[in-house]
Amino acid sequence: MISSRPEALAWRTCVRSVQHGSLRVCPSVLDWPPVKTVRAPRPTGRRPVRFNLPDDYDVRLASHEAAAGRPRNELAREWAQERLDLLDFPCLEFRSNSAGRFAVVRGTRLAVWHLAALARTLGWGDDLAQHLNILPEAVASAEGYYQRHRAEVEALIAANEAMGFDEVKHLLCQVRRLSEIPA
Amino acid sequence: MAQLGSRAVVLPIQNWHEGMYVAQHGESDLPWLRMAGREGWIIVHDDRNTLLRDYALLAREGCEMPGFAVVGHAHRADVGWIARRLVELERRCAKEKPGNVQVFL
Numbered sequence: 001m002i003s004s005r006p007e008a009l010a011w012r013t014c015v016r017s018v019q020h021g022s023l024r025v026c027p028s029v030l031d032w033p034p035v036k037t038v039r040a041p042r043p044t045g046r047r048p049v050r051f052n053l054p055d056d057y058d059v060r061l062a063s064h065e066a067a068a069g070r071p072r073n074e075l076a077r078e079w080a081q082e083r084l085d086l087l088d089f090p091c092l093e094f095r096s097n098s099a100g101r102f103a104v105v106r107g108t109r110l111a112v113w114h115l116a117a118l119a120r121t122l123g124w125g126d127d128l129a130q131h132l133n134i135l136p137e138a139v140a141s142a143e144g145y146y147q148r149h150r151a152e153v154e155a156l157i158a159a160n161e162a163m164g165f166d167e168v169k170h171l172l173c174q175v176r177r178l179s180e181i182p183a
Numbered sequence: 001m002a003q004l005g006s007r008a009v010v011l012p013i014q015n016w017h018e019g020m021y022v023a024q025h026g027e028s029d030l031p032w033l034r035m036a037g038r039e040g041w042i043i044v045h046d047d048r049n050t051l052l053r054d055y056a057l058l059a060r061e062g063c064e065m066p067g068f069a070v071v072g073h074a075h076r077a078d079v080g081w082i083a084r085r086l087v088e089l090e091r092r093c094a095k096e097k098p099g100n101v102q103v104f105l
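Protein sequence lines, in the order shown, are assigned to chains Y and F.
Per our numbering, the first sequence starts with residue 1, numbered consecutively.
Per our numbering, the second sequence starts with residue 1, numbered consecutively.
Only part of the chain F face toward chain Y is listed, based on derived beta-carbon distances under 8 Å: (1) GLN14; (2) GLY19; (3) VAL22; (4) ASP47; (5) ARG48; (6) THR50; (7) ARG53; (8) LEU57; (9) ALA59; (10) HIS73; (11) ARG76; (12) ALA77; (13) ARG85; (14) GLU88.
For the record, the hints were derived by calculation from the structure and aren't laboratory data.
Glycine included, every Cβ here is placed at the ideal spot set by N, Cα and C.
Turn these sequences into a full structure, and let the hints steer you where they fit.
Written out as structure tokens, the structure reads:
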């Protein structure tokens, strides 16, 4: 997004010069962080949300920003999306571990991707709920989440299946196949 | 979860400590992995991409480790096959410390 402020106009001129193969940069141009004046085009269908936080929440958000090493807009977007998903799928919650952040059945560590992998054999329904000893409502929530985030969940299943014996051996060198252990 | 020895104990993780341990720690798997190590459990699971990475982090801490037994994705819904392999695991690893049991079933 380029505003109509004078410095932004100069930046636009600079960009045009680059396109014509003759870049001439004046010192005042070097002072601008381009990231502040030129932004990537917004994906279609997304509208920005602007809000102000009370001071104490702003301080807390700044500390989360520093701890996660991610900008506040990314964190706020993730939190908002998770909250909206939880309104629709109340039997789920989100958990983090060293590999990322995942939707799981509330009060368990049964990840939605794990249920989706099992559902390939057992289907989404009572068989799956019985197999895992969880409520059918939890399976329904997981199925709803899967339908909404199918690409993300399928990618997690693929990542799990890509971790074969050799990859795990690289991570944990003591691992063996059961058949290799003397009887 | 399984404990080996003269008589194996198999416990669904939702029943371990009445499910409170897993429910309580909503942000990370590390706290209950540490507890499982202290109590000498072997974790039987099909989670190679996320749980085993936490397991590797735990190994770097140098604390007591739980063991693990990985179920292949071809058998993840086959309780009978898993039970037979656990019997075989007990037969072969009964004298090993739980933390040293790191196997693909």
